[in-house]
Amino acid sequence: MESIQWFVLGILFTLCVLGFSYASIRVKAPWYAWAVLIGGAFLVMFGIAWAGSSFHEDIYTSGALGLTLFTGPGIAAMVLAWRYWVAPGLKGADSGN
Amino acid sequence: MTTEETPDKKGPQDQSEAPENQASELKVPPTGGEEDKLRTALRSFFKLFERQPSSGGGDSTGGGAPSGGGGQADLLDDPSRRTFFKRAAIGGGIALAGGGLTYAGAKVAISGRSVDDMDEAIKTEGTIKPMDQRNVILTFATSKALNEKHPERNEQYSKLQNKKFHFYEGASHFEHRVPWDNSKPGYTQLDKALHHAAWNPLKSAETWTMAHSQPNTRVLGWDQSDVEKEKYEFKSERDAAWAIKSAARVWGAVRCGITRRDRRWDYDPLYDIEKSRTLTWERDFPFEPKTVIVMAMPMDYDAMATAPFWTAEAAIGHGYVVMAQIANQMAKFLRGLGYQAVGAGNDLGMSVAYGVAAGIGEAGRHSQLMVPGIGPRVRLCKVYTDFEFVEYDKPHDWGMAKFCLSCGECAKACPSNALPKVEDPGSGWGYQPQYEFSDEPGYTWNNHTGVLKFHSDAKKCFDFWLENDSACGNCVTACTYNEPDYWHHWLSMASTTVAPGFLHTLMSHMHPMFGYGATGDPSKVKKFWETGKGMRVNSSMKNNIATAGRS
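Protein chains in written order, with the working numbering: chain A, 45 to 141; chain B, 6 to 556.
There's no promise every hint is true.
[Claimed, not checked] Covered, in the sense of this in silico footprint (three residues per stretch, anywhere, with C-beta under 8 angstroms from a C-beta of chain A), are these stretches of chain B:
| hint | segment |
| --- | --- |
| 1 | 96-109 |
| 2 | 489-500 |
| 3 | 510-520 |
[Stated by the list, open to error] Cβ pair distances, simulated, as ranges:
| hint | chain 1 | residue 1 | chain 2 | residue 2 | range |
| --- | --- | --- | --- | --- | --- |
| 4 | B | A504 | A | W75 | 23 to 33 angstroms |
| 5 | B | V503 | A | G63 | 27 to 37 angstroms |
| 6 | A | W50 | B | E393 | 42 to 52 angstroms |
| 7 | B | K532 | A | V123 | 56 to 66 angstroms |
| 8 | A | V123 | B | G520 | 24 to 34 angstroms |
Hints are computed from structural coordinates only; laboratory data are not their basis.
What you are looking at is a predicted structure, and each value in this text was computed from that prediction instead of being measured.
Here a beta-carbon is modelled for each residue, glycine too, at the ideal position from N, C-alpha and C.
Build the full structure now, drawing on both the sequences and the hints.
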């Protein structure tokens, strides 16, 4: 089962790399926005891996906390970076600015 | 911040168009048919990785990305597959390299630091005399003769603890005193039966007293009459070490270390509890040992998680059975190679000190050997042999004892206050015991003093065993290093070696917060009795090697 977890994470990792590569040629954002987005993605995947193993070993508290402490902040970081650093640029572009 | 505008603002779709545009610019001849289109697209894709002259006829600097005449400067403004794949390759490569470096760093950290000097690994003060086995708590408690010889020990303990207490009388009814109560989880007939069944092979083999350090038992006997006359010659010391460790592994040991015999860690004199007589190494032991092989075998995580309930004793008793089995097999293996060998459980010498010397772990606050990846949830056995053409292991430092200085979860979980606390002077770390009553004359009779370590009061520990009518195991269960065999625990283990002290405190608090190390929790008993669920179609080997529960 652990091997399946790593396989799924490998797919997620690949999708993340492709997603960020694609975004990097579609979106211009300051370096710190990329740093937060990539860091957020790392936290999301780390939390999934942590939770997967914790649920697998039957320690559900650890799994839940892994999602709360790692994946949660990761998602929050990505959403905030998008909201404050990336989205304004997109709107500006759409409106011709 | 702006999106990269393409003339028709198609967004992501224009990615798919890029190869065709580029293909035409790269002069890939278009052909008809679906198959040809695919071939053309692929050829275009691979063409993107080649240096090509720009459409303007000049050199395409910086990789030659055709960009509709814009050149390298316009690369970002003209998204192309080449940029996409280039960044994917570079980004993925960097991420993979980072992961690889983290893995390598963690692996090095988990390997520990080799300590060349034995005196650095086990620091001592003054001349260390071997421990008299008659002062080992379980030897004393199970010997009527020793109790009669030292009535003052019972009197002093009773007086200081303000209770009626007698080591031998308590020990003689141990594990049969308290009747089960089927309304109390962990103390039911089911748990008691499991407990007794776990020990039964050793009782049947008349060897269970090796847990009290009784030497020369039936399974771990001293008889050397079956030593082969022809001595097997190994090609090298390393080959010999690998052969011994391979044998240990196949019988169920998860760690095996080889060290020179050190008289300081042997019991001397030895004591035959059953015959009430002292034994000497020179007169009674069949040969002069040169080497001690130390082996560790894990105890079941979910059973130990039920401590201090009787259920946990299933793991402890089974651990002792495996100790006797492996020590017996290793001794027989060496005798089969023509060398003298005697297997030992708790008898003959101090397993923790030998475990440290053999490089398989470090001594913790709970006075037990902590093995990386398993923590103190191991049982140890030893084999004394005269074989010495072998590569000896060196002690290792994983920073675990240092972690203990600021952790103290075991001491918090100890129901009898037998373990030194973080708040104690020097955090309880010293050459002499610092626990309650340790300054009373004659109170520390059971301690091996003069060794720098955490000194525990085994008398108090044993007192709770009698009250509980079973061994306890709370310190093992609560230990921050007692974790199932999963990657995130190894990563935490690796990070403790580099993390500063204040983070150790934080990590030790996080451990119970994340749901690990709880003791006295009836839900763990319920969980244990469900660990057999799904065994027929188990998706993991983890509960087959007794390192984690149902998976």
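How the hints compare with the structure:
1. 96-109: holds (count 3)
2. 489-500: Coverage by chain A holds here, the residue count being 4 at a Cβ distance below 8 angstroms.
3. 510-520: Holds, because 3 residues of the segment 510-520 of chain B bring their Cβ atoms closer than 8 angstroms to Cβ atoms of chain A.
4. A504/B <-> W75/A: 23 to 33 angstroms: Given about 29 angstroms between the Cβ atoms, the range holds.
5. V503/B <-> G63/A: 27 to 37 angstroms: holds (32 angstroms)
6. W50/A <-> E393/B: 42 to 52 angstroms: holds (44 angstroms)
7. K532/B <-> V123/A: 56 to 66 angstroms: violated (37 angstroms)
8. V123/A <-> G520/B: 24 to 34 angstroms: Taking Cβ atoms as reference, V123/A and G520/B lie about 28 angstroms apart, which means the hint holds.
Violated hint: 7 only; the structure is consistent with all others.
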